[in-house]
Each structure stands twice: as structure tokens, then as C-alpha cells.
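Residues per chain are reported as follows:
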Amino acid sequence: AQSVSQHNHHVILSEAASLELGCNYSYGGTVNLFWYVQYPGQHLQLLLKYFSGDPLVKGIKGFEAEFIKSKFSFNLRKPSVQWSDTAEYFCAVNAGSGGYNKLIFGAGTRLAVHP
Amino acid sequence: DAGVTQSPTHLIKTRGQHVTLRCSPISGHKSVSWYQQVLGQGPQFIFQYYEKEERGRGNFPDRFSARQFPNYSSELNVNALLLGDSALYLCASSRRDRDTGELFFGEGSRLTVL
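Chains as they are written, first to last, in this note's numbering: chain A, 1 to 115; chain B, 1001 to 1114.
Derived from the structure by calculation, the hints contain no laboratory data. The structure presented is a predicted model; accordingly, all values stated were derived computationally and were not measured. Check the hints yourself; a few may be wrong.
Claimed, not checked - Listed next, the stretches of chain B that the computed footprint assigns to chain A, with coverage defined by at least 3 CB atoms under 8 Å from CB atoms of chain A:
(1) 1017-1029
(2) 1035-1046
(3) 1054-1064
As the list claims (entries may be wrong) - Ranges of calculated distance between the beta carbons of each label pair, as one might list FRET restraints:
(4) Arg1063(B) x Pro115(A): 31 to 39 Å
(5) His9(A) x Phe1060(B): 19 to 27 Å
(6) Ser14(A) x Leu1088(B): 25 to 33 Å
(7) Ser1065(B) x Ile60(A): 18 to 26 Å
(8) Gln1017(B) x Pro79(A): 48 to 56 Å
(9) Ser1065(B) x Ala17(A): 41 to 49 Å
Claimed, not checked - Calculated Cβ distances over 10 Å to all of chain B for the following chain A residues:
(10) Leu13
(11) Asn24
(12) Phe72
(13) Trp83
(14) Lys102
Glycine included, each C-beta is placed from N, C-alpha and C at the ideal position.
Produce the entire structure from the sequences given, and follow the hints as far as they go.
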């Protein structure tokens, strides 16, 4: 079955620490991969996306993710987090077939950044 | 530009009742999708509509139904509410039925079933 696994449910970091959030997916087709972020009290927003080409993709606010096909992974990274990065992060894969979009989300990782 | 708008933002119902949730997509977007987000979990796909036709359906019972109107807005209906239907219902829009899958989400309608 199609699925997305996020390794950490809760992560606590101090400002300036480096961040890596793990994401593994199970899907046999051509993958479009996403990281969405939900800041407190706000709607889900796209952080970055991978469609094809360079497996290292850069998103907003200094985030990047690397697609490793052999490992079915799409980990999110940021070299130095800020307090404003406190949010919930969701990894997702587009698993729609037959001509429609169907995002499968992981359970999410809550990141708390302390000043 | 206005984003995806949903109404109502919060509502409380009792078991067995019916609920209708509404969504207006971003201008120019012809596809609307609905997701259910239960506390502590990621959003789960319910439906996608494109040009007023259902294009995809997730693993939800027939109590869940939806439709899309000529102006591309959409309604999600849930009949015979159960306690387990308590969740945040998210609407998302995109330009087409099948593209890269980049969705634009609304803030959601939080449904509590007592």
C-alpha cells in the first residue's frame, strides 16, 4: 500500500542548530514529493517540491530536501533553524493514478525551536 | 489574490446529524480536493473534483459525498455523523485535475461531533 513515514513525531532544537527530518515513502510509480509546513494557527503551505531533475531541491526560508530514489527517501534539512521555524512539517507524495492528484501525507513532525 | 476559503471555520454537531462544508478555490483553479485531518495525523484524501466531476475518491464510506459547482466552488457533505468524524476538514485547490500535485490549502473547517 502507498504510504509515507516520518521518523520523528516531535523534535526540539535550540536556535542555530541544524535540522534534518526524515521521510520515507512507499510508492512504485513516478513520484512527485512535497514538504508542507503548518505554522501555528495557519494553513498548510508548500515548503518545497520535487518533480524531476536535480534531486537536491531548495525551498523557501532556507529549507532544502534531497530525493534519494534508492532509499525511497526525501529528507528535509536546514543548516540553522530559527525560532520562527516552530511548526508542524508534513512530507507527502502524489500517488494519484488515472489522472488525478492524491497526496498521501505522513503523520507529521512537530518542531519546537527554543531561543 | 484571495486564497482558498472555507466555511464554517468551526462547528459542533451531534451523532446522527448531517453537515455541509463549503469551499471556494483560488481564482483560476478548476480542481478542488477534500482532506480529513484527525488530531495527531496527517491529512487523508477524501475526494478530488475537476470540472464538476469526481476524479478520485479515498477510502471513506458512502456517508461522505461532495459536489462541485459551475463556479468551481465545492461542498462536502457528511451524513449520519459519528464521533470519529470529528476532525479538521481541509479543502485544497489546484489548476488542473492531474498535474504535479501542488495543492493550495484553506484553513479548514473544524468539526466536532458530540
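Requested in this report: Return the numbers of the hints above that this structure violates; sort them in rising order.
Outcome: Failing hints, ascending: 1, 4, 7 and 14.
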